[in-house]
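With these hints in hand, go ahead and build the complete structure from the sequences.
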Amino acid sequence: MTQPPSYPTPPAGGPRPTTGGVAPQPGPHPQGYAAPPQYAPPGYAPPQFYGGPPRPVAPPPTLTPGGQPLASFSDRLLAMLLDAAVFMVVGLVLTVPAAIIFLVVIAPEVDLFAPDGSLGEADFVRDLLLPLLWLDLGIIAISLVLAYVYHVEMMFKSGQTFGKKMMKLRIVPLDPTRSLDRRAAAKRFLVQQLSGFLPGLSYLDGLWQLWDKPWQQCLHDKFAQTVVVKVSQ
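Number 107 in the UniProt record's numbering belongs to position 107 of the sequence shown; there are no gaps in the numbering.
Keep in mind that the hints are not guaranteed to be accurate.
In silico DMTMM-like links for lysine to aspartate or glutamate, alpha-carbon gap of 25 angstroms or less [claimed, not checked]:
#: 1; residue 1: 157; residue 2: 83
#: 2; residue 1: 187; residue 2: 75
#: 3; residue 1: 165; residue 2: 153
#: 4; residue 1: 165; residue 2: 83
#: 5; residue 1: 222; residue 2: 175
#: 6; residue 1: 165; residue 2: 175
#: 7; residue 1: 168; residue 2: 83
#: 8; residue 1: 222; residue 2: 75
#: 9; residue 1: 168; residue 2: 136
#: 10; residue 1: 157; residue 2: 175
#: 11; residue 1: 213; residue 2: 75
#: 12; residue 1: 187; residue 2: 212
#: 13; residue 1: 187; residue 2: 175
#: 14; residue 1: 222; residue 2: 136
#: 15; residue 1: 230; residue 2: 212
#: 16; residue 1: 230; residue 2: 153
#: 17; residue 1: 157; residue 2: 75
#: 18; residue 1: 222; residue 2: 212
#: 19; residue 1: 230; residue 2: 181
#: 20; residue 1: 230; residue 2: 83
#: 21; residue 1: 222; residue 2: 83
#: 22; residue 1: 168; residue 2: 153
#: 23; residue 1: 187; residue 2: 153
#: 24; residue 1: 213; residue 2: 175
#: 25; residue 1: 157; residue 2: 136
#: 26; residue 1: 213; residue 2: 136
#: 27; residue 1: 165; residue 2: 212
#: 28; residue 1: 168; residue 2: 75
#: 29; residue 1: 213; residue 2: 153
#: 30; residue 1: 165; residue 2: 136
#: 31; residue 1: 222; residue 2: 153
#: 32; residue 1: 165; residue 2: 181
#: 33; residue 1: 230; residue 2: 75
#: 34; residue 1: 168; residue 2: 181
Derived Cβ-Cβ restraints for the label pairs, each shown as a range [unchecked claim]:
#: 35; residue 1: 98; residue 2: 231; range: 25 to 31 angstroms
#: 36; residue 1: 97; residue 2: 158; range: 14 to 20 angstroms
#: 37; residue 1: 178; residue 2: 91; range: 32 to 38 angstroms
To be clear, the hints were calculated from the coordinates, so they are not data collected in a lab. C-beta: ideal position from N, C-alpha, C; glycine also.
Structure below.
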């Protein structure tokens, strides 16, 4: 009787012969080695997906000798515009009553016509120009007094005007061992007022902070030895 042929027994865990079209079950490699590692060129980092490109980090603000951050040009400009708006309102409050007084009280007193109805010869210098000049000088004097109180007395007490308070700015001495006094505030005010009498000097005074290093001072700051800092309130 003929014996059926014998087949070699596969090793344990090795691939199984396929019968009936059935694929062999997966298993560890018969030789026992691991898959080769993934290759990456030197210095390569896989891309990371996030909300956008990295944003540039703003440089830290320049600090005063006392450790306070200096105010930016834009903040100082906005504070100055707010203060100018305050004085625009003050100017209207002073000018409108003066104009009413001139038109209602002074102008009707000027005799333009002679008693016979003909056009008279009024003294315009005495009757019109001098009263108008006195009104203008009165408005200028009152404005200077109010400006002194606003820029010196308020500054001396708190270091802030209305505009600086809104922008959270304060004027402090450059020397951190000193406190702001009336003399320093008056020096700043004097230089600011005098710069307005020379064409272009007021612009030079305000723009000086853009290239002044390291304390970003205007000319009136340099004269008074003060700086403008950013505060929390």
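Here's how the hints hold up against the structure:
This hinted pair checks out: residue 157 and residue 83 have alpha carbons roughly 17 angstroms apart, not beyond 25 angstroms. Taking the CA atoms of residue 187 and residue 75, the gap is about 22 angstroms. The hint holds against a cut of 25 angstroms. At most 25 angstroms may separate the alpha-carbon atoms for a hinted pair to count; residue 165 and residue 153 meet this at roughly 15 angstroms. For the hint linking residue 165 to residue 83, the alpha-carbon distance of about 10 angstroms falls within 25 angstroms, and the restraint holds.
Using a Cα cut-off of 25 angstroms, the hinted pair residue 222 and residue 175 holds, with the two alpha carbons roughly 12 angstroms apart. As the CA atoms of residue 165 and residue 175 are separated by approximately 22 angstroms, the hinted pair is consistent with the 25 angstroms bound. A threshold of 25 angstroms between alpha carbons decides the hint, and for residue 168 with residue 83 the separation of about 13 angstroms falls inside it, so the pair holds. Restraint check for residue 222 and residue 75: satisfied, since their Cα atoms lie roughly 19 angstroms apart, inside the 25 angstroms limit.
Our distance criterion of 25 angstroms between C-alpha atoms is broken by residue 168 and residue 136, whose separation comes to about 35 angstroms. Annotation: proposed proximity of residue 157 to residue 175 holds, straight-line Cα distance about 18 angstroms (limit 25 angstroms). As the CA atoms of residue 213 and residue 75 are separated by approximately 18 angstroms, the hinted pair is consistent with the 25 angstroms bound. Between residue 187 and residue 212 the CA atoms are separated by roughly 19 angstroms; this keeps the pair inside 25 angstroms, and the hint holds.
For the hint linking residue 187 to residue 175, the alpha-carbon distance of about 16 angstroms falls within 25 angstroms, and the restraint holds. Taken as a hint, the residue 222 and residue 136 pair is broken in the structure, with Cα atoms around 33 angstroms apart against an allowance of 25 angstroms. This hinted pair checks out: residue 230 and residue 212 have alpha carbons roughly 17 angstroms apart, not beyond 25 angstroms. The suggested pairing of residue 230 with residue 153 holds, with an alpha-carbon distance near 21 angstroms, which does not exceed 25 angstroms.
A distance of roughly 21 angstroms separates the Cα atoms of residue 157 and residue 75; the hinted pair therefore holds under the 25 angstroms criterion. With a C-alpha separation of about 10 angstroms, the suggested pairing of residue 222 with residue 212 holds against the 25 angstroms cut-off. Distance check on the hinted pair: residue 230 and residue 181 sit about 19 angstroms apart at the alpha-carbon level, within 25 angstroms; holds. Distance check on the hinted pair: residue 230 and residue 83 sit about 17 angstroms apart at the alpha-carbon level, within 25 angstroms; holds.
A hinted pair counts as satisfied when its Cα atoms are at most 25 angstroms apart, and residue 222 with residue 83 qualifies at roughly 21 angstroms. For the hint linking residue 168 to residue 153, the alpha-carbon distance of about 19 angstroms falls within 25 angstroms, and the restraint holds. For a cut-off of 25 angstroms, the pair hint linking residue 187 to residue 153 stands: about 12 angstroms separates their Cα positions. Restraint check: the Cα-Cα separation between residue 213 and residue 175 comes to about 16 angstroms, which is no more than 25 angstroms; the hinted pair holds.
Using a Cα cut-off of 25 angstroms, the hinted pair residue 157 and residue 136 is violated, with the two alpha carbons roughly 31 angstroms apart. With a C-alpha separation of about 41 angstroms, the suggested pairing of residue 213 with residue 136 is violated against the 25 angstroms cut-off. Our distance criterion of 25 angstroms between C-alpha atoms is met by residue 165 and residue 212, whose separation comes to about 24 angstroms. The hinted pair formed by residue 168 and residue 75 meets the criterion: a straight-line CA distance of about 9 angstroms does not exceed 25 angstroms.
Among the hinted pairs, residue 213 with residue 153 is inconsistent with the structure: their alpha-carbon atoms are about 29 angstroms apart, more than 25 angstroms. Simply put, residue 165 and residue 136 have alpha-carbon atoms about 31 angstroms apart, too far for the 25 angstroms limit, and the pair is violated. Restraint check: the Cα-Cα separation between residue 222 and residue 153 comes to about 20 angstroms, which is no more than 25 angstroms; the hinted pair holds. About 18 angstroms separates the Cα atoms of residue 165 and residue 181, which keeps this hinted pair within 25 angstroms; it holds.
With a CA separation close to 9 angstroms, the supplied pair residue 230 and residue 75 stays within the 25 angstroms bound. Note on residue 168 and residue 181: the hinted pairing holds, with a Cα-Cα distance of about 20 angstroms set against a maximum of 25 angstroms. Take residue 98 and residue 231: their Cβ atoms lie about 38 angstroms apart, and the range 25 to 31 angstroms is violated. Take residue 97 and residue 158: their Cβ atoms lie about 30 angstroms apart, and the range 14 to 20 angstroms is violated.
For residue 178 paired with residue 91, a C-beta distance near 35 angstroms keeps the hint of 32 to 38 angstroms intact.
The structure fails to meet hints 9, 14, 25, 26, 29, 30, 35, 36 from the earlier list, while all remaining hints are met.
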